[in-house]
Amino acid sequence: MESASEPVALEEGEEMRNRLEDALKGHQADYLELRVEEVESTTLRYRGRELEEVGRTLSRGGCVRALVHGGWGFVSFNSLEDLRTFLALAIEEARLAAEGESRLQEVEPVVDVVRADLVKDPRAVPLEQKKALLDEYNEALWASSPKIQTTVIRYHDVFRRKWLATSEGTYIEQERADVTASFVAVAREGNDVQQATLSLGSAEDYGIVENLHEQVADVGRQAEALLTARPVKGGTYTVVVDPILAGVFVHEAFGHLSEADHVYENPRLQELMVLGKRFGPPELHIYDGAAVPHRRGSYKYDDEGVPAQVTPLVEGGVLVGRLHSRETAAKMGERVTGNARALSYRYRPLVRMTNTYIANGTVPKEDLFADIREGIYVIRSLGGQTDVEMFTFAAAQAFMIRNGRLAEQVRGVNLSGNLFETLMNIEAIGNDFQWGPEGGGCGKGGQSPLPVGTGSPHLRIRNVVVGGE
Amino acid sequence: MATDDLGFLDRDFRAYLEQVLDLASRRADQAEVFGVQSIHTPVTFEANRLKLVETKETRGASLRVIVGGKVGLASATRLDAPQDLVEEALAVARLGGPVAYELPGAAAFPSLPLYHEDAASWEPAAMVEAGRGMIAALLEENGELLCDAHLGKSVEGIALLNSRGLAAGYQKTSVGASLGANWIRGTDILNVWEEEASLRLDLDFGNLVRTVAEKVRLAERTVVPPTAQMPVIFTPKAVASTLLESLEMAFNGKLVWEGASPLAGRLGEQAFDPRLSLVDDPLAEEGVGSSPMDDEGVPARPLTLVERGVVRAFYYDLHTAALAGVPPTGHGRRGLGALPAPGLSNLVFSAGETPFAEMVRNLKQGLVVDQTMGAWAGNTLAGEFSGNVHLGYLVENGEWVGRVKDTMVAGNVFQALADILYIGDQAEWVQGSVRVPPFCFRSLGVASKGRA
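Those sequence lines, one after another, are chains A and B.
Everything in the first sequence is counted per numbering that gives the first Met the number 0, starting at 0 for the first residue and increasing by one.
Everything in the second sequence is counted per numbering that gives the first Met the number 0, starting at 0 for the first residue and increasing by one.
The following block holds chain B by itself, in its conformation from the complex (with noise of 0.2 Å):
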């Protein structure tokens, strides 16, 4: 990292920030301040056309004290009055939470190409240009469509100061790309989307423009499935999108350390099918969730979860470490308003044998899920998961047939996880963060109006 971590921040914003530490270093056991710099600068299109163009400047700061074992937390966007946020910060904590870890001191950090000149000067006009090219080649597909894009990117600094001497922060660049497709035939309404991000400007418009293009063209021909239990393929997007919220749970520390995770207990365990493996990689260069540290100080290193199928590691952050006895894994994440929790930086699936054309040429009959809708509103705890199928299609003897509508998929991310049929031999970045294969599960539950 640069000689001064800290170099990026604004003068008065870093004075303030020290201004904090001092005061409530004097008054406490323990002290830390988190700040946020950061600008986003999206622009916006809709119905074929641009919209609006937006900056948002964000800066604010959260100060952590222990007092006598016990946390407080006061964060603020008003930055004229420090002694303020202390007194706020120490008053609560007089209530707070017992705790029993010590915040990390100064530390080697490893270094990360996060900033990167392309990105961070991406002017609005610029996106404009890329915004009106992706639409443009989209209505040529097909002028019947109605397009959204979105483009757009953000400056981000974290500074965080202790009491024990850590003075540290960095600075990350990040680029963004959406493009939404709708399509009205009669009562017919059918939205297409895709995205990409990334920490540099390498964005590839094109694809995101062919993607859409060929998932429309998919959708042509509405057909109904049976209602039935079927082999069904997740596409990388739905994968990130539906399943990855329960085994974020399921392997994050605190839940784990409660009892409250189906994984727990589990460790060493044959969990889920040995073609699969999962790594947390807050190092990889591609990955927009990639950092030096986490958002407590503690340096950022791979942690692998899950290795040919058996449990290996649960994510912690400082707190949830101490209780559970085991060491920080480098995992406290936060917004300004809270206290840090565990949480994931790039999750990364090992990739499989199967091209995707394979997969769908060996479906006698199943689904390929592309996006679904509601299906985070359930157990999902417990991995369970009854989602809309927003886009799907039916496939019969490996051909394509239709899209499907009005119908439900439904399952357990586990129990799909440990039967799996096929894994795509391509891992693709979704979302920015996850890097994640099609996977073909061997049997889900799907629901619709077509007979049983």
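Extracted from the complex, chain A is given alone in its bound form (with noise of 0.2 Å):
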């Protein structure tokens, strides 16, 4: 038996639709909404020079959640025989949270019905040739230097289907695929322990993760160089900020704070947020939207079935908009943006980011180094963190600048920046925008890794703390 099998389908078109707007009919509630999804999966692991894991997965599940005077019930399952009870359930929930006025931003019900659009589609790959590709990385990563102790490789594809039904009289059906691939390479010396990593994903393309060897190779080779790099020296430094970096900075450092969620409820905090009040130079503009076809947060509708766009959140350093769900846009007197996003059925949709973004710049690449005599240039990263205020980045590659000149290489960079006064701190804004290679994910309230994209020219940022000994 082939393991790339054919889609599982659970029911097909108007059988779904019918049983779906069934179930919503004739319960008391504010509003109503049904979801459903089936995800098939496919996974490889690699850990040392053994193939681990492969694995499938066949999943169904779904939820419910109701609105009753403001206070929501929610109710995710597996079994998908009595909607009925699962709304039901999920209404007297909301009864119990109903303390106020149910507000949803008003919209245009939707039918529709999007397929996958895909380059190359995973599922149609054997899974012997995708362990054949993962074996000479595997290979190639072992080769790339005396000094690799192990290596992990992560190979994933996933393929969800997702229904849609509201009280409103929306009715959506989506695919989505998703493919990533992660490469790490521990090197060692003594007791000395480094470790470098690749990771890519694609929501249309399995060709991502071909013709990679090069690349590949490359994690071994950072893993040993980060052997010799000493570790970096605490204090406040000029940084110069490479484009995949300074993509999870703007996503750090101003992407989660224009999430609307964070705000609505907190007078305060939306007096600091106030459209029209400027956070950085006249040079910096920031996108958010999963309207930017092609890439890894892009989708045609959120999960409220809000259609997607793309929202300027800053416009010349002046805070211009915000990303919503329907609740904070009524709730915030603003428009909808389609950001309401559920990693699964298991969970609510709350305010996420899709593709995340800085505009291009005008400076060449090598201008920004000039005249810097003792700052860190910053490359690629390992993740970033926010608590809204004050927030984390960190760098996987460095090398100090002495002079305006890249100088010796150093370990252990980890940034932190303050909203109020980082993205004041951007000094220049380069002319070479890039797109992350989009492997990783965004978490919030527990629901990780949701999948993003994120994007940025080279960016020039003064007094940047850097933890250190």
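Treat the hints with caution; some may be incorrect.
What the hints assert, rightly or not - Once the Cα atoms are required to be at most 27 Å apart in a straight line, the calculated BS3-like pairs of lysine-lysine come out as: (1) Lys330(A) / Lys299(A); (2) Lys448(B) / Lys276(A); (3) Lys130(A) / Lys69(B); (4) Lys330(A) / Lys50(B); (5) Lys443(A) / Lys299(A); (6) Lys443(A) / Lys330(A).
What the hints assert, rightly or not - Taking CB as the label site, the calculated pair distances span: (7) Glu213(B) / Arg334(A): 38 to 44 Å; (8) Pro448(A) / Glu213(B): 30 to 36 Å; (9) Gln228(B) / Glu365(A): 35 to 41 Å; (10) Ser447(A) / Val400(B): 32 to 38 Å; (11) Asp366(A) / Asp203(B): 55 to 61 Å; (12) Lys232(A) / Ile38(B): 50 to 56 Å; (13) Gln425(B) / Glu333(A): 45 to 51 Å; (14) Ala107(B) / Glu209(A): 51 to 57 Å; (15) Gly164(B) / His293(A): 51 to 57 Å; (16) Gly189(A) / Val400(B): 36 to 42 Å; (17) Glu333(A) / Gly6(B): 52 to 58 Å; (18) Gln269(A) / Gly264(B): 42 to 48 Å.
Said to hold, decoys possible - Sample of chain B residues with no beta-carbon within 10 Å of chain A, all distances over it, derived: (19) Asp21; (20) Asp28; (21) Gly67; (22) Gly96; (23) Pro109; (24) Ala119; (25) Thr210; (26) Arg216; (27) Gln228; (28) Gly342; (29) Ile419.
The set of hints was computed from the structure by calculation and includes no laboratory data.
Note that beta-carbon positions come from the ideal geometry of N, C-alpha and C, so glycine has one too.
Join the two chains, each given in its own frame, into one complex according to the hints.
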């Protein structure tokens, strides 16, 4: 039997629609929403020399969300037998939480079917072929340096079919694919172990994991190089940030604060985040949007059935917009933006970013380094985190800058910023915009990793706190 | 354990698991079905108000087959087609990784009180009442706060059936509560949170309120620490959230076997301060990580990882133990969609001798760190950490001076645990499955906008 099987069909077309719409009828609630999901996925994982795990998952589940007098009830389940009972339970829960007024921004109900438009469908690639390719990459990793102690390779593809039906008449079926791969090399010298990682992702193309031999070998060489890099000295520096880490920077430094669920019930934060307020230099423009095509955070409708768009967040350094669910948009008197996303049927939608980016600037990359007496060039990302005001973003690779020139490599470079200072401290924006490799994901409210895209040109930022001894 | 270990399973689900095992056993050399039947009921308060009440039901199964010495895994939450699951697992096993272990047969498992009626019958209305009470009490302390709270219970059933005759399982309750406070003054934002988890309904809501209120009060003033090496106290919460990942990796039998752990080859060596002992205890009655067996059917027992600073053991699942040529320790942990991997249950640190207040009094200049941010993004394998001090305080001459911000704390977990000034005399449960005292490390790197 061939393991890359046909997609599992739950129920086709009209039958599913009738089933969901019938279940929604005749309840007492201000709003009801029913989602169903079928997921088929393949995982391959290597540790060291061996393929350690090959796995297949066939998942099915659903959820209902009910709104009654401002209170929400939510029920998720694996058995689709008794949808009306789950709806009744969600309504009962919502009544318990009801202590106000239900407000959702009005939207036109949508009826649509969105098929996945794939460049290269991972389901069409036989498992044997995926394994053979990963075998080659593992060889390339091991051959890249004599210091390699172990390797980890993880490949994952997912094909998801989602149905959404609401009490307002929206009925949407959407398909989505997701392909991710990560390559980790661990190098060792005595008691010192260092690691380097490459991770990639795409919502439409298996091809992103093909022809990576050279990039994969470079991961091994990076791990080896870290063994001889010295730990960075803690302090405050001017930093030049490469486009990939700058993408993570904008996601953490500004993206999360632009999610309206942080501000819509927090009057003091609303004052700090009033539209028209200046946050950065006039050259700074920040956008987010699932309507940007072909990125990992792209889609046609969010999980409330709101069409995707591209939302300007900062233009000319000034706050001009934010990201909304229907509830946050209604409560703040702003327009919907199509940013209500749920990780899976086990979760309610939250306001999330999609593809977040800093638009291209005008400064050539080489000019960014000029006249920096002592600074750090930070490259690629190990991840970041924010609490809205303060944030961190960690570099995978870093070099000291001395008198305008790249100098020795340093390691352990984690940078800390503050929303109210750091964007204003952007001194220059490069002219070399680039999307990130999109292998990671975003976590919020226990929902992680959600596929997102990030992008930016090179940035130069002054007065950034870097941790170290 | 009960006469029928699997009596808690819904009949249909049990029939499905048995059918899968039966079908798979005929075609594979070894087969094992892992089933999860759980229900999670949380309530959520945001910005001082009840926002959401939820019920999350999960029912799913994983099938592991070993055919000709190769392993395959398939999992499903579609429980209407047992034959499909078996075919998927057999198909991937043809390409699977080599394995050299035998699944364990039936065994005598320790008897543990994991299911508590008071927790199982905690209803959402009562959670709501407890949440409202916490928020009202906290607002009484400081009316400018915006409070978030989460309260919830889980009833989780684990079932394990294999072709060697094992048919075991257990049902476990757990409850949890967290309380967070957000305080904005000008452009200064403070977020403080505390949480508790337990197998039974013995959460101390009043203690959560008092602790959050005290940490908010201590943060009223903001100060800038110098950029320097200095002694740093990590609260139990900070140890668990910042330093644990490196320790978990270092004692993981898989990383040890690969030689990627910095502790590989160091059994019997004095790697830590002699006052430090570390035990993984799956039988701790208070720990939410407790269970009578691991997720592969190996009976659970306590394992001493560090004894008075000396590395005594690493932890293994079946596969890794077979690779390393050591007995399994009962640490196979898994979710539905993946093969088991080595994982801990309840990590218990020995307490020291110094009261927390005395540690603070003894600091000439140093930090108390309670929450960090982004410290996970780095070379945790080598024990290196560098994180934003999300909630932390400067202490000078034994006095609390104020909250520090825009400050990083950095160091190496292994060096820090070998160079300890004081260990607190009170160990606390954090996150329900770590019991740990506060530590005062002799010298960590503090970086800020303050002068060096």
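Verification of the supplied hints:
{"no.": "1", "hint": "Lys330(A) / Lys299(A)", "result": "holds (24 Å)"}
{"no.": "2", "hint": "Lys448(B) / Lys276(A)", "result": "holds (25 Å)"}
{"no.": "3", "hint": "Lys130(A) / Lys69(B)", "result": "holds (15 Å)"}
{"no.": "4", "hint": "Lys330(A) / Lys50(B)", "result": "holds (14 Å)"}
{"no.": "5", "hint": "Lys443(A) / Lys299(A)", "result": "holds (22 Å)"}
{"no.": "6", "hint": "Lys443(A) / Lys330(A)", "result": "holds (21 Å)"}
{"no.": "7", "hint": "Glu213(B) / Arg334(A): 38 to 44 Å", "result": "holds (43 Å)"}
{"no.": "8", "hint": "Pro448(A) / Glu213(B): 30 to 36 Å", "result": "holds (35 Å)"}
{"no.": "9", "hint": "Gln228(B) / Glu365(A): 35 to 41 Å", "result": "holds (36 Å)"}
{"no.": "10", "hint": "Ser447(A) / Val400(B): 32 to 38 Å", "result": "holds (36 Å)"}
{"no.": "11", "hint": "Asp366(A) / Asp203(B): 55 to 61 Å", "result": "holds (59 Å)"}
{"no.": "12", "hint": "Lys232(A) / Ile38(B): 50 to 56 Å", "result": "holds (52 Å)"}
{"no.": "13", "hint": "Gln425(B) / Glu333(A): 45 to 51 Å", "result": "holds (49 Å)"}
{"no.": "14", "hint": "Ala107(B) / Glu209(A): 51 to 57 Å", "result": "holds (52 Å)"}
{"no.": "15", "hint": "Gly164(B) / His293(A): 51 to 57 Å", "result": "holds (53 Å)"}
{"no.": "16", "hint": "Gly189(A) / Val400(B): 36 to 42 Å", "result": "holds (40 Å)"}
{"no.": "17", "hint": "Glu333(A) / Gly6(B): 52 to 58 Å", "result": "holds (54 Å)"}
{"no.": "18", "hint": "Gln269(A) / Gly264(B): 42 to 48 Å", "result": "violated (57 Å)"}
{"no.": "19", "hint": "Asp21", "result": "holds (19 Å)"}
{"no.": "20", "hint": "Asp28", "result": "holds (17 Å)"}
{"no.": "21", "hint": "Gly67", "result": "holds (14 Å)"}
{"no.": "22", "hint": "Gly96", "result": "violated (5 Å)"}
{"no.": "23", "hint": "Pro109", "result": "holds (30 Å)"}
{"no.": "24", "hint": "Ala119", "result": "holds (17 Å)"}
{"no.": "25", "hint": "Thr210", "result": "holds (19 Å)"}
{"no.": "26", "hint": "Arg216", "result": "holds (19 Å)"}
{"no.": "27", "hint": "Gln228", "result": "violated (6 Å)"}
{"no.": "28", "hint": "Gly342", "result": "holds (15 Å)"}
{"no.": "29", "hint": "Ile419", "result": "holds (17 Å)"}
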